[in-house]
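> Take the given structure of chain A and dock chain B to it, following the hints.
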Amino acid sequence: MVAMETEGKVIKCKAAVAWEPGKPLSIEKVEVAPPKAHEVRIKIAASGVCHSDWAYLYDIAKMKPRPFPLVLGHEGAGVVESVGPGVTKVSIGDKVIPLFLPQCGQCERCQSPKTNLCTKNWEKTQQGVLADGTSRITCKNQQVHQFIGISTFSEYTVVPEDNVTKIHPDAPLDRVCLLGCGVSTGYGAAVNTGKVESGSTCAVFGLGAVGLAAVMGCKAAGASRIIAVDINSDKFEIGKTFGATEFVNPKDHSKSIQEVLRELTNGGVDYALECVGDVAVMRAAVEACSPAGGVCVIVGWIEVEELSLAPLDILLGRTLKGTYFGGWKSVEAVPRLVQDYLSRKILLDEFVTHRLALDQINQAFDLIMSGKSIRTVIEM
Amino acid sequence: METEGKVIKCKAAVAWEPGKPLSIEDVEVAPPKAHEVRIKMVASGICHTDWTFLHEVGKTMNPQPFPVVLGHEGAGVVESVGPGVTKMAKGDKVIPLVVPQCGQCERCLSPKTNLCSKNWEKTQQCLLADGTSRITCKNQQVHQFIAISTFSEYTVVPEDNVTKIHPDAPLDRVCLLGCGVSTGYGAAVNTGKVESGSTCAVFGLGAVGLAAVMGCKAAGATRIIAVDINSDKFEIAKTFGATEFANPKDHSKPIQEVLRELTNGGVDYALECVGNVGVMRAAVEACSPAGGVCVMVGWTRMGELTLVSEDILLGKTLKGSYFGGWKSVEAVPKLVQEYLSGKILLDEFVTHRLTLDQINEAFDLMITGKSIRTVIQM
Chain A
1 MVAMETEGKV IKCKAAVAWE PGKPLSIEKV EVAPPKAHEV RIKIAASGVC HSDWAYLYDI
61 AKMKPRPFPL VLGHEGAGVV ESVGPGVTKV SIGDKVIPLF LPQCGQCERC QSPKTNLCTK
121 NWEKTQQGVL ADGTSRITCK NQQVHQFIGI STFSEYTVVP EDNVTKIHPD APLDRVCLLG
181 CGVSTGYGAA VNTGKVESGS TCAVFGLGAV GLAAVMGCKA AGASRIIAVD INSDKFEIGK
241 TFGATEFVNP KDHSKSIQEV LRELTNGGVD YALECVGDVA VMRAAVEACS PAGGVCVIVG
301 WIEVEELSLA PLDILLGRTL KGTYFGGWKS VEAVPRLVQD YLSRKILLDE FVTHRLALDQ
361 INQAFDLIMS GKSIRTVIEM
Chain B
1 METEGKVIKC KAAVAWEPGK PLSIEDVEVA PPKAHEVRIK MVASGICHTD WTFLHEVGKT
61 MNPQPFPVVL GHEGAGVVES VGPGVTKMAK GDKVIPLVVP QCGQCERCLS PKTNLCSKNW
121 EKTQQCLLAD GTSRITCKNQ QVHQFIAIST FSEYTVVPED NVTKIHPDAP LDRVCLLGCG
181 VSTGYGAAVN TGKVESGSTC AVFGLGAVGL AAVMGCKAAG ATRIIAVDIN SDKFEIAKTF
241 GATEFANPKD HSKPIQEVLR ELTNGGVDYA LECVGNVGVM RAAVEACSPA GGVCVMVGWT
301 RMGELTLVSE DILLGKTLKG SYFGGWKSVE AVPKLVQEYL SGKILLDEFV THRLTLDQIN
361 EAFDLMITGK SIRTVIQM
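Line by line, the protein sequences give chains A and B.
In this text, residue positions in the first sequence follow full-length UniProt numbering: the first is 1, and each later residue adds one.
In this text, residue positions in the second sequence follow full-length UniProt numbering: the first is 1, and each later residue adds one.
Next comes chain A alone, as it looks inside the complex (with noise of 0.2 Å):
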């Protein structure tokens, strides 16, 4: 093991800091303290931008209220730069990636086949805090939150044992960062979630990289047909790079798109994966599902609002669900989705539309919002 020569010490770098919902994040020097007990340091290397990143600073209405100021950021990937006391499972110099889902691997939760969701740590986490209440990241005095215990839009970061884990060697983490949230979750949730069965018939409702992702979990899963939806036709072009052999855009029909969608299929669809994070959306997706055992799965994130539906939509045979992170069980999932991707049976690159550097991380942001991005992946 190399000793570096920041160990042990507070570092001083930059990141990018949320002062207050709504303003755009402002590049700072902060401090980063030391691990504590079962806490890792990371070098972060490059961080991709999710829409929940935006939402949680510009759309607070839709979401509960976080804790400001706030570094953003949980998609990323780097190398551990310390370990605090009691950490085993990872050391200086390997290549990990942190996750804003953790799995201890002994509570409850973790010993049950049914769910990923590790409950160590989670509500401190969701409050922008690590196991002891407080932060690692400090800015002109201030403690500054680390957003679900994370914080890749700084260089350096510490998060909770549990909630990183560590990868291939070989791994490019430019590319892997994107499997911290949004190429896993989508994925997943077709192949988790959903169980999509070989020879179904599938809709993918948003093809942001979570949408996209879905469509190459469907693939994956050998899916006959994959209809992809979204407003923008811009997005079929790459949709079909992953895997969707049909494109709908609900502006070009005058009736409602779940109505196409069992026209289309003759009844529905086998399985409707929400990527978007509209309930309007959500409820068209089920909607659009065959009442002969049609699955919904709603993968795109919202926190306050209500999703309404017809009881007898239920009633009749289809199955509603929802993923969180696609299901994965984080610790032991990430590292084999790495190898999946180095062994080339799920694609990264393709997700890349563009790189920036930390202090051009509002363009991102801007990218998100137009439509013209799929991800940009922040290179620190």
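One or more of the hints may lead you astray.
Unchecked claim - Going by beta-carbon spacing under 8 Å, a handful of chain B positions derived as facing chain A:
| no. | residue |
| --- | --- |
| 1 | K238 |
| 2 | M296 |
| 3 | T306 |
| 4 | T317 |
| 5 | K327 |
As the list claims (entries may be wrong) - If you want the footprint, here are the derived chain B segments under chain A, 3+ residues with CB under 8 Å:
| no. | segment |
| --- | --- |
| 6 | 101 to 113 |
| 7 | 126 to 135 |
| 8 | 138 to 145 |
If you are wondering where the hints come from, they were derived from the structure by calculation, not from laboratory data.
Even glycine gets a Cβ: it sits at the ideal position worked out from N, Cα and C.
Chain B in isolation, oriented as in the chain A frame:
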């Protein structure tokens, strides 16, 4: 039989218009046409759906044609069969079915659904396959509720809507397998796929709910919490396997909160057997986020179900069940066998026995919560 091929005059309980009591009338039942079976009804249960169709317009089916002979939970004996019927013959004991099973359509061939699509639209309009009914009264066509009409001494149903059962089956009890009991029991074992050792909550302790309790017990659930606003039902729920009881009226907190506290986070399976969207929501919210499953069983077209999206995103599953998910023609005879071998209870559901001309009393008993199942003995 002397009636074969002829119109039969008999008694039936006719609903002339919505909101009015049933009227015992002399009706004429035409002989069965091709692929139809005429049945002498021996006994019929009474379901909440029958009452709802009559008294709560808009809550069950669209459209609601009148006049109609209601009843969809019956058992009887084949009186005659029309051309092409090969699966049963005169004298066979049978149960008419709210869900058909033609065995050939895409739905019947799929393991994922029991909703045979054959004749669906016609039966939902209360007609047989050719778009007419076989019952007339005072020279007027009378519709057949879901193409069945068990509130008549004789009825005619499509052959795919009837199944032959064991000759020893007591018709005044196995009639309940035509709807309520099969629905609740199947909701637990087929739709919910309740697992051994699990914790379940059943909302509503009518026949469907009690059958769901029985299904949870059969599946090996460890805890079965029965929920009803009428505490008088807790005793009979114990008979069917409930281990605990909760009356929402005894708590100031919402019932889902009570259940989450009772179970340290939520139940593994919740079965809503009331048919109320408020209760459906409570049932979802009572489920554990660690893979909890809520099965909607109670039938309603009324209102909209609203859910917190995050509840679903964080891992709950919402399903619905129609006739318990059973492939009707092949499953109901097996359920009869299970009753005959003591695996499932039926007698315990029957709280009252009345005659056809007392049928309005049966509705009163149901609505006042005094009965679980009243059997009309023809």
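> Does each hint hold? Answer for all of them.
So, going through the hints one by one against the coordinates:
1. Because the smallest distance between the Cβ of B/K238 and any Cβ of chain A comes to about 28 Å, over 8 Å, the interface hint for this residue is violated.
2. Because the closest C-beta pair between B/M296 and chain A is about 5 Å apart, less than 8 Å, the hint holds.
3. Because the beta carbon of B/T306 sits about 5 Å from the nearest beta carbon in chain A, less than 8 Å, this interface hint is met.
4. Nearest Cβ of chain A to the Cβ of B/T317: about 5 Å, under the 8 Å cut. The hint holds.
5. Taking 8 Å as the C-beta contact cut-off toward chain A, the hint placing B/K327 at the interface is violated, the least distance being around 13 Å.
6. Given a C-beta distance limit of less than 8 Å, the hint that chain A covers the segment 101 to 113 of chain B holds, as 5 residues qualify and 3 suffice.
7. Remark: the segment 126 to 135 of chain B is not confirmed as covered by chain A, as 0 of its residues place a Cβ nearer than 8 Å to a Cβ of that chain, below the required three.
8. A count of 0 residues in the segment 138 to 145 of chain B with a Cβ less than 8 Å from any Cβ of chain A is obtained; the coverage claim is therefore unmet, three being the minimum.
Of the numbered hints given earlier, the model fails hints 1, 5, 7, 8; all others are met.
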